[in-house]
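Undergrad: Sequence:
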Amino acid sequence: MSPGILSISNPKLSLNLLTKGEIRQLHSATLEVIESVGVRFPLPEALNLLEDHGARVNRDTMVAQIPGDIIETYIAKAPPNYTLAAVNPDLDLQLDGNHSYLGTDGCGVEIIDIFSGERRRSTKQDVSDVARVADFLDEIAFHWVPLSAQDCPPESRALHELEAIWSVSEKHVQTETILGERQMQAAIEMAAILAGGKEALRKKPVLSIMQCSVSPLAHDGGSLEAGLIAAEAGLPVGFMTMASCASTGPATLAGNLVVGNAEVISVLALMQMAHPGCPVYYAAAQTSMDLRTGAYTGGGPEDFLFGAATNLLADFYNVPLSMGAFATGAKEPDWQAAVDNSFSSFMAVSTLSDMLLGAGLLHGSRIFSYEMLLMDAEIWSILHAMFKGIDVNQESLALDVIREVGPGGTFLTQRHTLEHMGHLWLPTLMDRRPYSVWEEKRDGVREWALARARQILSEEPSEPLDPELKNEFLKIIEIVEQG
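Residues -9 to 473 in the numbering used here are what the sequence shown spells out, letter by letter.
Read the hints as simulated data drawn from the structure, not as lab findings. Please read these numbers as outputs of a predicted model, since none were measured by experiment. Where hints are given, some of them may not hold.
[Stated by the list, open to error] Derived lysine-lysine pairs resembling PhoX-like cross-links, with alpha carbons at most 20 angstroms apart:
| # | residue 1 | residue 2 |
| --- | --- | --- |
| 1 | K460 | K188 |
| 2 | K431 | K114 |
| 3 | K465 | K188 |
[Stated by the list, open to error] Ranges of calculated distance between the beta carbons of each label pair, as one might list FRET restraints:
| # | residue 1 | residue 2 | range |
| --- | --- | --- | --- |
| 4 | A375 | Q140 | 37 to 43 angstroms |
| 5 | I392 | L281 | 24 to 30 angstroms |
| 6 | G396 | F105 | 55 to 61 angstroms |
| 7 | G267 | A441 | 34 to 40 angstroms |
| 8 | N308 | I392 | 31 to 37 angstroms |
| 9 | E189 | E385 | 28 to 34 angstroms |
C-beta atoms are modelled at their ideal positions from N, C-alpha and C, and glycine is treated no differently.
Start from the sequences, fold in the hints, and give me the full structure.
TA: Structural data, given as structure tokens:
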């Protein structure tokens, strides 16, 4: 287990991507879309709630047209900050608008095998192994379920994934793979066991729930059902838009933001209608369709801009954000992956997005790579150092030691250097060796990252789950599988 969490807070760097007037324009356009065009809610319970609260509902199309003032009224009921609890309280995450945290990506379906190097389908053991490596890294603050446990039954797969992570890690878990009532109720039971009961879970939500909208302007019935059940239990719930320019959203970036925003705030308002004051969060991973192939890009300037803009919208609504960053279309941990993941994370952190997702996956979040996970952690470490900015004060100006060293001297032997050199960033993976050393060994970041991951997996988990709790988890899963 990592000794702490490397969050970014009180940054000296910031980015003003949108003016207050532009944010207000996006909001007004969003309300117009929700009221005049509507959003599809394919769940009778959701349609009933919306109709009871003043929406115009078409039962045939399952589209609800919700007046803007109703959206604003219910969004305002969402708590602006709360805590994502961990099994270990020292690893709790404060969602207070002043911290950015990094999580793993999800939910991949393939993995580059850590020993053979071959690409294959992911299994439950892979979920556990990735969680162990992520648990070791200070840069990784929480787990998204990184991979699909494809060797487990579909009806219980998401529960097996939770059990695999909780068996080896005490960090917070956010899952995006639970659909429908049965799996959601079972997941709540499992989380309640860790928290000390269902009432304790409300105060200590060790699990948060992510659902995805169906762009443009629609939701999934199973996602809505699971989200409402989770909200009733007090678990933080977020809905992610993945609207894509020129396909599931307008070709213009502003128009795409409007479509995605309409999807998210309409369903967050629904959650507040059902359970006023329940913890919710905005979630987004908007992108642009590749104009040559029509595929999901997983990177590029549009993605980077969306990463900053959606946090400004979340701040406008005074709710936390879970942002898809570190997304890349690269097929291996290469130049493209580094460019995508560096720019996307920089833009998201520049507006202090609360939660960043994406560490470890390649090829549009399909393939997990241990090398990429370690490299992404190094990128986060760089950002952590950069966003501290430059302190300018009497001590940091260093006038006394400059006078003492004078022209042509060296600062290496000075006490001032000894006292302050610990603040300078040191890489874990970046290669700063002399060229001659590299030329002789011909190794580098990918080899080192892989070796480090293998070393972590060779050790026993530091805080394995109590066997009695594990058995309780497995009993819950068995009941679900038996139908």
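Undergrad: Evaluate each hint against the coordinates.
TA: Here's how the hints hold up against the structure:
| no. | hint | result |
| --- | --- | --- |
| 1 | K460 with K188 | holds (18 angstroms) |
| 2 | K431 with K114 | violated (36 angstroms) |
| 3 | K465 with K188 | holds (18 angstroms) |
| 4 | A375 with Q140: 37 to 43 angstroms | holds (38 angstroms) |
| 5 | I392 with L281: 24 to 30 angstroms | violated (55 angstroms) |
| 6 | G396 with F105: 55 to 61 angstroms | holds (56 angstroms) |
| 7 | G267 with A441: 34 to 40 angstroms | violated (48 angstroms) |
| 8 | N308 with I392: 31 to 37 angstroms | violated (46 angstroms) |
| 9 | E189 with E385: 28 to 34 angstroms | violated (50 angstroms) |
Against the hints set out earlier in the document, violations occur for numbers 2, 5, 7, 8, 9.
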